[in-house]
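J.: So the chains spell out like this:
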Amino acid sequence: MSEIARDGETLKGAELEERLARTWSRAPGLWGWITTVDHKEIGRRYIWTAMTFMVLGGILAAVMRAQLARPESGLISADRYNQIFTMHGTTMMFLFAVPVMEAIAIYIIPLMVGTRNIAFPRLNAFSYWTYLFGALLLWVGFILNIGPDAGWFMYTPLSGPQFSPGKRTDIWAQMITFTEVAGIAVAVELTATILKFRAPGMSLGKMPLFVWAILITSIMIILSLPSVALASAMLLSDRLIGTQFFNAFEHGDALLWQHLFWFFAHPEVYIIFLPATGFVSQIVETFTGRRVFAYPAMVLALVATGFLSFGVWVHHMFATGLPRLGYDFYTASSMAVAIPAAIQIFCWIATIWLGRPRFTVPFLYVIAFIVTFVIGGLSGVMVASVPMDLELHDTYFVVAHFHYVLIGGAVFPLLGAITYWFPKFSGRMLSEGLGKAAFWLVVVGFNVTFFPMHLTGMLGMPRRVYTYPADMGWNGLNLLSSLGAVVIWLGGLIFIANVFLALRRPRGAAANPWGGSSLEWATDSPPPPYNFAHQPIATGHTPLWDVTDVLPVMTGLRVDDREQLITTAIEAVPDIRYPSPEPTPWPLLSAIALAALFIGSIFTPWAVVIGAVPLAVGFIAWFWPKSPPSKEPVIE
Amino acid sequence: MTRGLRGLGLTFALAGCHGTQSMTEGAGLQGVQFSNLFTLFSAVTGFFYLLVIVGLIGGLILRPREDRTAEGEKAAGVGFMTWLGGVLLGLTALTVASYVADRNVAAATPAHPTLEVQVTGNQWWWDVTYRNADTGQELRTANELHLPVGVPVRLTLKSNDVIHSFWVPALGGKQDLIPGRTNMLTLLPTQTGIYRGQCAEFCGAQHAHMAIDVTIEPRDAFRRWWAAGLAPAVPPANPLAKAGYQFVMTRQCASCHTISGTPASGRVGPDLTHLASRRSIGAGTFPMTRGHLFAWVADPQGAKRGNQMPYVGLDADQLRAVVAYLEGLK
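Chains as they are written, first to last, in our numbering: chain F, 1221 to 1856; chain V, 43 to 372.
The following block holds chain V by itself, in its conformation from the complex (with noise of 0.2 angstroms):
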């Protein structure tokens, strides 16, 4: 269990804006099943690490005596094989451990789990579509994952662009979108919290910035949020925000990014119908503040370099109307 990782002195008290991104965590089934094997593993490895030094002090300080070289090279040859045998069985262990875990995923872990998601990788974010088989309801986001805890998920991985890698060490594993091929991850999150995940494939000059926030929640919480996920987005409240919502569905926004409930449905950018319910916008490059809005839409360059949104150029007054506007889409 974790126990054995915070035994080693391995976890930190982590607080802040994000959720942890440790390993230690522990919040899946996989992240248990890391969590037991390296324990597991420290302690094998340990033990050969003291084995070695303890051999290498010993033969820098004893001497042996002149007239007993026969006998040391003979206790030397029987502590080859001994060592030699050690060696084998430990690995074999640690290999045996090593696929019993794997198996015990797998077998832990149905087949075919009744909650889908659809995480297609794009140069820097992670668009996130969650489908009901029974309804076949759909319902699209961006760089956030909520998860009801204790219920598995199969995740299919895509990539639009390059390879990233889906990792979010709490829940453990970690898997490759890969252009050109679909990948599987069926998840099994154990514990509820907030996490955080990050690209963990080298995927260009942001890959830095790629990261996705996971919420894992009690199922009762999970069944608002997606019912709350699948209404159309609140409509602008005050004329600030009607004046940004004018200029998001009249101007370059509304042909990349959708808004469900509005005539904005491009599938270029991500989702923004409830955007403002988010922890963090760019893909977890800034907290999701009033501030970090402004600075997003008025140059998104500059906020983060290389990504594809391109700089519109809006006055201070379409400024304004277009954070209120985004500001309401909870």
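Just chain F, with the same shape it has in the complex (with noise of 0.2 angstroms):
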């Protein structure tokens, strides 16, 4: 056994530390990149590529304001404008806003609960691959003039094979079927990552509030995903091969989309919000200098946020004519979702009160996300009445209340998160002079741009209107919101200036310039391949700010092999080891493999027999065993 090399009292420091880069570090170049494993490395290409399609969401709306500005406007026409809007909320929801909270998770969690890497790296970077091919077919056939333009809900008929001919639907559904392969697959990787790779002392009861946020947030996904699979997968079939799910003159039911849909899509909202009240417990902790208060309180609205949003789906539907005593039921389950968020919100402000609040950006985001979230939230208790909702469903009084949600309740602490860590991201600071700009003028902008669409919707406008008649009293309203938008988006280039900017600059950052006090900081900005020189271990709730030195550590992992501990899921006692996989192009080859079957299936239902063989082989060279074996059982 002596000829094993692990960490210890005869290996650390430098040698320890050259020795594990060897192991971890990936090949240099091009097939370096193209073959990582790295959750760190993947996390930032996610994080990349989630933040453009924000970018190319934001240009959309932009158009959509440019043509809103004036009534009547000839700007540009029915049929790019319908492309135009389905296409900004499909990549908002679908390649933004879901893709944005795993893809930080994928860099921030393996890092908060003290490991190496995420669980299933090789499905990582798939999974990474998958989401790219999906949101590169979606934008190739909107610049094609093929985009999707029946509205990211898709609601059949509509988007049948009778009233939406061609293959723009196709596109769309397809699309989907991308993003829950590759969503399923990333929440798959953090609900494993989260039960069995915690640092040894950090029980369920110790876990971060970032770490439970996400923990909620991947089984939601598990549990809700399926649904919308389910419902592309039908309205692909019936679009391509004949069958007839949704079709009411066949003996379909137009309805069933809309239940399966909301099932997965009311979910959703709280699959991108819920990480984001993670950001902003630890941005809260972090600069208020406390933990947040009534740790119990929160972890169990995060729960019920969890549970309740599987039951108010309906809320989306209350104009359809079902029965009224169920409307009743998804009323008061829809209100009920208000008590979570009133915990929390009440916790983060006792924080506030007593802590000792450091204004930095981050915290800024954080008082923003406080000021409009609310706003959105009580929007939402209106629109969950039936009688308040039967008036303001699909008006702009709704666009009011879900962007202030979203953009409030997600977009804020995502910004927030962003600044905060960014120097572990990167090895460098946001400069906090061009953050606070960023900020007021995204914050100013977005009350100018959203605020007065609640009053457009009371006089009546309602949405995914491509124009609308000069006087019905709504040009001033909508001439603000234009200029608002403008305004946001001036924001959002200091935003992304600050991020050049700073790229630009050596790197210098601390391990933990904030002061915070979860496991991430406890490494260098940017950590090293492998995370910990050794493994860390958590004392407490806030491991760094219980140790008054040095920070506890566990030896004894092999240096020479990718080795892990693996840790009970309760307790996080030292359980067993594990060998974390090495770089691999099969990932890739693998996702290149399924891309071709999903878009040749698109044109032929061949392709999913013929698309299958390179698919097989893929997996197969992926999951082909080592040789030889490991020397050494894996079980301690």
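By construction, these hints were calculated from the structure, which means they are not laboratory data.
Glycine included, every Cβ here is placed at the ideal spot set by N, Cα and C.
Wrong hints could be hidden among the right ones.
Stated by the list, open to error - Okay, the calculated bits of chain F under chain V, using three or more residues with CB under 8 angstroms as the criterion:
#1 1529-1541
#2 1564-1571
#3 1591-1600
#4 1686-1693
Claimed, not checked - Looking from chain V toward chain F, a few residues come up when the C-beta cut is under 8 angstroms (computed):
#5 T87
#6 Y91
#7 G97
#8 V129
#9 L130
#10 L131
#11 L133
#12 P194
#13 R196
#14 G214
#15 T232
#16 T234
#17 I236
#18 Q240
#19 A250
What the hints assert, rightly or not - Okay, the calculated beta carbon distance ranges per label pair:
#20 A153/V / L1703/F: 35 to 45 angstroms
#21 R1300/F / A270/V: 57 to 67 angstroms
#22 G128/V / H1471/F: 48 to 58 angstroms
Combine the two chains into a complex, taking the hints into account.
T.: Here's what the structure looks like:
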């Protein structure tokens, strides 16, 4: 046994780091870039891609605001507008919001729980490529004027073969399949990482709130995505092989789509929101210098939101003529979601009261989050009521409501989180001055854009109209919204400039520049490929604040092989060792084969049969057992 | 009442050829209930928002003394329970108020009103058929609704193609028109006036141009409209209109449109019997003017791209004749 190199008394310091770096580094150059399975590299890639799609979705929003700035505007045609608003919703929901939350979790969670890599790292690489190919399919389609045009919600029968001929809707539905595969893969990795790879001592009851938020979110993704997978598969088969699931005139049912879609798409809102609450909790903790007030209540609020979010989907369908008694149930459950949200808001504010706030850019975004998100939450209480919703549904009031929830509730915390973790991602700090300028422009611009939409909606303007008559009383409010969009864009450009200017500077950020308490701050900024030289031990809720001098560590993991420690799911007691997979090109090649199969199937069902062969080759090569087998049994 | 909303400064003076589409009008039972509920919800949610903002500002400005952290924790615990209790109370009150408002509407409207109207959604226009249960008389029109004030009306909502949503904000309520299903919506207009409604569910390329003109009038006026509507179309009065009549009856027009009292009996497109008495053409796309009639008949696809009416290809004389005839269909 003694010939196996392990960290410990005899192997530490620079020599250990040098040997670990040799074991965990990827090959240099392009080959290394495409074969890497490092969660940090893939996480960064995911974040860049998702943020790029936010910018693209934002460009679409700007075009829509330009069109709606004036009544009867002829800037773009109805057909183009319908493609643009469909692409905006689809891009923001499927290519930006859910992936970016998963992306940050891919980067941060293994560091925060104190391990060397994410669980199933090859699946992680595969997930990224699958997501990228699905996203490219959608956007290449849009650029070729075959972008989807029946709304991101794709209600049947409008999206069916009779009313949406051509390939536009097929591209949308198949893009959904790509993002489902990618999304579920990441959710599985994160669940496994959180449950089995936590540092010794980090029992479930001591996990940082961001880790809890990601655990609940991942379970929600696993439970809700199959519903939209089923729905989009049924839609594709209606369109491509002549089934009639959604065709009322052949004994199908148009409303079935709405049930299946919203059973996914309402939880999706919380899949976007819960990670954001995790950002807020981490930022509040760091910048008030104390633990978030009432930790058990915060965890229970996350769990309760996860449960309740599966019981509210019918509030999207109050106008469809379902039984009244059923509506009352969904009104009550939709109202009830406000309770865990109210608990969280209280606990954050109580933490600010009890702590000592430092007004850095991440903390400013938390303040903006509370100020704006609560407005969206309260207008959500309004639309949960059936008599209220029957007026407000599908008007600009609802557009205002969900942008307050999604931008106020998720994008502001996200911008705060990017600023907060930027030193960890890149080794550099963002400029506070530029950060504050961007902050004020984005937050003020947001409110100027979206607050007037409450009124536009109450004055009767429906959603998803490419133009409107001049004498409805909507002109001034729409112009104001469009001007606000310009201000948001100015802020966005400053944020982007801040990022690129920072990346031009040399690295120099400290390991823990903000004085955070969680384990990701225990390693360098950016972390080395192996994350931690020694396996850290978490002694309490706030490991870095609990120790006075040196963080306690565990030794004994191999340094000549990629080895990670697996701990028990609840108490995080050291259990077994796990050989983490080596870099490989097969996830990329399998993703290419899968993309060929999916895209081919839009044109012929035979693509599924023929495409299965290269896919099988890719998977077999990917899972081919290591030869020779590891010298040591993995169970200690 | 709507006074509450006006007090919030949400009512804007509107003028123009369209009726208002504002929710703040409260011209129907549901609209009034909505206004009441909106006032209540605004007050309650506004109160809680104020608490959050005051709490937040307090937390940002005030600093507890170092030696009193234990008391601070304790006070926060008490505050937490109070806040939770308050939120539960507020949400329960709003849920009950919402339930009561919903049931009030159901209680105030009879299960089987005497006035029944079938509204069928099409891409992108409304097919409207009134039925008199006593006489069996049927009155078919399109993109307009005349309703007597104070009389409950039951709308039977269907769709011929995709999902649409019937929504006249002033009257309140919103109900989808779903292919393969029949939805009911009982309305009770409470205030006369001219209002506008618009399809609220995205229904394809011209979803933005699917409006309906609603006239709520005293019963006498409604009876006059009803009687006029039952009458057959006005025959062409002058040679130009007669030529137009000939064209309409002998060419494509008659295979899609009905003009009662003439051989034209197609049911694919809107009924044209009293076309010229309507406020707009193309489901609210244009006001009813001679110029817009010319534009529409000459090139329906230029006027509203994607609609079902094909380009007919009339020459200038034919166009003038057809419009002259249509203008006479009062």
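J.: Does each hint hold? Answer for all of them.
T.: Comparing the hints with the structure gives:
Counting residues of the stretch 1529-1541 of chain F whose C-beta sits closer than 8 angstroms to any C-beta of chain V gives 3, which meets the bar of three, so the coverage hint holds. Proximity of the stretch 1564-1571 of chain F to chain V, defined as three or more residues with a beta carbon under 8 angstroms from a beta carbon of that chain, is established by the 5 residues found. Look at the stretch 1591-1600 of chain F against chain V: 5 of its residues bring a Cβ nearer than 8 angstroms to a Cβ of that chain, three or more, so the hint holds. With 8 residues having a Cβ less than 8 angstroms from any Cβ of chain V, the stretch 1686-1693 of chain F passes the three-residue criterion, so the hint holds.
At its closest, the beta carbon of T87/V sits 4 angstroms from a beta carbon of chain F; the interface hint therefore holds under the 8 angstroms criterion. Because the beta carbon of Y91/V sits about 6 angstroms from the nearest beta carbon in chain F, less than 8 angstroms, this interface hint is met. Interface restraint check for G97/V: the shortest CB-CB distance to chain F comes to about 5 angstroms, inside 8 angstroms, so the restraint holds. Because the beta carbon of V129/V sits about 4 angstroms from the nearest beta carbon in chain F, less than 8 angstroms, this interface hint is met.
For L130/V, the interface hint holds, since its Cβ comes within 8 angstroms of a Cβ in chain F; the closest pair sits about 7 angstroms apart. Nearest Cβ of chain F to the Cβ of L131/V: about 11 angstroms, over the 8 angstroms cut. The hint is violated. Hint on L133/V holds. Least Cβ distance to chain F is approximately 5 angstroms, under the 8 angstroms limit. The closest approach between the C-beta of P194/V and any C-beta of chain F is roughly 17 angstroms, which is over the 8 angstroms cut-off, so the hint fails.
Checking R196/V against chain F: minimum C-beta separation of about 13 angstroms lies over 8 angstroms; hint violated. For G214/V, the suggested interface contact is upheld, since its CB lies about 6 angstroms from the closest CB of chain F, less than 8 angstroms. Contact between T232/V and chain F, as hinted, is not supported at the beta carbon level, the nearest pair being about 15 angstroms apart and thus beyond 8 angstroms. For T234/V, the interface hint is violated, the least distance from its beta-carbon to any beta-carbon of chain F being 19 angstroms, above 8 angstroms.
Nearest Cβ of chain F to the Cβ of I236/V: about 13 angstroms, over the 8 angstroms cut. The hint is violated. For the restraint placing Q240/V at the interface with chain F, the shortest Cβ-Cβ distance is roughly 5 angstroms, inside the 8 angstroms limit, so the hint holds. The beta carbon of A250/V comes within 4 angstroms of a beta carbon in chain F, closer than 8 angstroms, and the hint placing it at the interface holds. Checking the proposed 35 to 45 angstroms range against A153/V and L1703/F shows it is violated: the Cβ atoms sit about 50 angstroms from each other.
The hinted range of 57 to 67 angstroms is not satisfied by R1300/F and A270/V, whose Cβ atoms lie roughly 43 angstroms apart. Checking the proposed 48 to 58 angstroms range against G128/V and H1471/F shows it holds: the Cβ atoms sit about 51 angstroms from each other.
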